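K.L.:
Please put together the full structure from these sequences, using the hints given.
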Amino acid sequence: MTQEPRGRIESIFREEHGRIVAALARRFGDLDLAEDAAGEALLVAVEKWPAEGVPPNPGGWLTTTAVRRAIDRIRRESLRDTKHQAALMITDDTPREPTGPVEDDRLRLMFTCCHPALPPEARVALTLRMLGGLTVEEIARSFLVPETTMARRITRAKAKIKAAHIPFRVPDTSDVTDRLGAVLAVIHLVFNEGYLAGAGDDPVRADLTDEAIRLGRLMRSLLPDEGEVAGLLALMLLIDARRHTRVAGGKLVPLHEQDRGSWDAGLVAEGHALVRECLARVAAGGSRPGQYQVMAAINAVHTDAAEARDTDWSQIAQLYDQLYAVSPTPVVALNRAVAIAELDGPAVALAIVDGLDLDSYHAWHATRADLLRRLGRSAEARAAYAAAIEATGNPAEKAYLGRRREQLSAGA
Amino acid sequence: MTQYMLSVQHTGPYPELDSPEGQRMLAATGAFTDQLVEAGQWVFVGGLESVETATTVDGRGDEIIVTDGAHVESKEHLAGFWVVDVADLDEALKLAAVATKACNDPIVVRAFQQV
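One line per chain: the protein sequences are A and B, in this order. Just so you know, we're using the working numbering here: the first sequence kicks off at 1 and counts up by one. Just so you know, we're using the working numbering here: the second sequence kicks off at 1001 and counts up by one.
Be aware that a few hints might be false.
Unchecked claim - Pairs of lysine-lysine residues, derived as DSS-like cross-links and limited to a Cα-Cα distance of at most 25 Å, are as follows:
1) A:Lys162 x B:Lys1094
2) A:Lys251 x A:Lys160
3) B:Lys1101 x B:Lys1075
4) B:Lys1094 x A:Lys160
Unchecked claim - Some residues of chain A that are not near chain B, with every Cβ distance over 10 Å (derived):
5) Glu52
6) Thr148
7) Asn192
8) Ala308
Unchecked claim - From the structure, some residues in chain A lie toward chain B, with a derived Cβ separation under 10 Å:
9) His115
10) Pro116
11) Ala117
12) Ile161
13) Ala163
14) Pro171
15) Asp172
16) Asp175
17) Arg179
Think of the hints as simulated: they come from the structure by calculation, not from any bench. Keep in mind it's a predicted model, so treat the numbers as computed, not measured. The beta-carbon is built from N, C-alpha and C at its ideal position, and this holds for glycine as well.
P.N.:
Here is the structure:
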């Protein structure tokens, strides 16, 4: 009889959490009940598995146990027309509405958690809690808010789902693009929050980036034909491949200074394969690529260059033009200007950057500082570095910008 | 099935009924109501007289106080509402998307309590 350490049980539970909660949510139409029953199933596992060993299908075992616990609870709480409800639940003859392209409870739950009728910060929290299986405490820590605040956010969202009757189903195909955008935005936000943490002591929160990639892979397995799903996964993989080279000695290392040999070749290859698949789909007459596919393509160009000086900047500038066409934001214009600086020189780029209304954004100040430095306008560059340091909460980025500013002083 | 109130949140005076905008709105909201009836989703529809004609009755204290006007501080006021009977919020939101175009006002969607 194998001793199963609690850690292994918890990692299985976390892996299976989305599946268990999703199955129960569909069956009972109640997220609270689903979540509590899943938690109770974990307690049973912790009690039984160390002695009896992990069952061959731990996910199925946990789901069955959770369903039994949920039924017990409904009986205990003796809801009205218990008899009828219990009969219904034991046979589970609720028809599965054939709405979505894929029949998967987790996909339904994903669309529910990311429903546009919920506030964006609640969508993120709910997705991490229900599908990611993160505890409220973990989510609160990741987003640097007090646990009580996070608990209230999640409770309020669950209460709205119940009261407003937000359905557990995949939206109709006519509706799915818009709603899919909301789901992908949540995953992207979780990734970004992990990759460039806005505040706190850790420059990269691997728990969040890993979770976003896991959710991205899940979406990919459920919706294999959606270009934007593939695009988002590729984007995250190509960025994550550079994770270990991105911070050194507590300082951010910019792309052109990173040790490219230390990038994760497996992730780069997987990301490139996804980008090629997206390009093939578009070439075969698929719909115009959306923002995630274009951003993935930009990252594919960067990761394709063996040395920073080999980067195909004209292709990058072209892709940013394409990105600006689907997502005309000043941040995209700023990133495009960085490519323009490589092609047409810092003066042309600076004129573009100065025209953007982004003065609360640290990257705008940092880009200006770099362009001013390259133009030899040291005093202005120094002021821009100071503004950038002021505007960012990320310690590694502060350290990097501080170093650039010092180099400027030394050189001037 | 769940009943939802789709309430019309209007700002400022109503358009004149015989103006082109008034006529358009009348036709569009009428067509929307017909659509609800045809689909078996209709429960109630009503438009309200202008908010200037409202009267507030407040009995929170010892006395009942009657005052002219609506006891609201926001610029927006309730101009009318539909009550619809549909499966879930997604269906209610789809109807609200038609309603907002019909009356050119934002629509607030709220489920009725189920007791």
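K.L.:
Each of the hints needs a verdict: does it hold here or not?
P.N.:
How the hints compare with the structure:
1. This hinted pair checks out: A:Lys162 and B:Lys1094 have alpha carbons roughly 19 Å apart, not beyond 25 Å.
2. The suggested pairing of A:Lys251 with A:Lys160 is violated, with an alpha-carbon distance near 43 Å, which exceeds 25 Å.
3. Taking the CA atoms of B:Lys1101 and B:Lys1075, the gap is about 20 Å. The hint holds against a cut of 25 Å.
4. For a cut-off of 25 Å, the pair hint linking B:Lys1094 to A:Lys160 stands: about 18 Å separates their Cα positions.
5. For A:Glu52, the non-interface assignment is confirmed: its Cβ lies about 41 Å from the closest Cβ of chain B, beyond the 10 Å cut-off.
6. At roughly 27 Å, the least C-beta separation between A:Thr148 and chain B is larger than 10 Å, which holds for a residue marked as non-interface.
7. Annotated as non-interface, A:Asn192 keeps its C-beta farther than 10 Å from every C-beta of chain B; the closest such distance is 28 Å.
8. The Cβ of A:Ala308 sits about 48 Å from the closest Cβ of chain B, beyond the 10 Å cut-off, so the non-interface label holds.
9. The closest approach between the C-beta of A:His115 and any C-beta of chain B is roughly 8 Å, which is under the 10 Å cut-off, so the hint is satisfied.
10. Taking 10 Å as the C-beta contact cut-off toward chain B, the hint placing A:Pro116 at the interface holds, the least distance being around 8 Å.
11. A hinted interface residue such as A:Ala117 counts as satisfied when its beta carbon comes closer than 10 Å to some beta carbon of chain B; here the least separation is about 6 Å, so the hint holds.
12. Contact between A:Ile161 and chain B, as hinted, is supported at the beta carbon level, the nearest pair being about 9 Å apart and thus within 10 Å.
13. Evaluation of the A:Ala163 hint against chain B yields a held restraint, the C-beta minimum of about 6 Å falling below 10 Å.
14. About 7 Å separates the beta-carbon of A:Pro171 from the nearest beta-carbon of chain B, less than 10 Å, and the hint is met.
15. A least Cβ separation of about 9 Å between A:Asp172 and chain B falls short of the 10 Å threshold, and the interface hint therefore holds.
16. Satisfaction of the interface hint for A:Asp175 is found here, the shortest Cβ-Cβ separation to chain B being roughly 8 Å, below the 10 Å cut-off.
17. Annotation: A:Arg179 was flagged as interfacial toward chain B, and the flag holds, the nearest CB pair being 9 Å apart, inside 10 Å.
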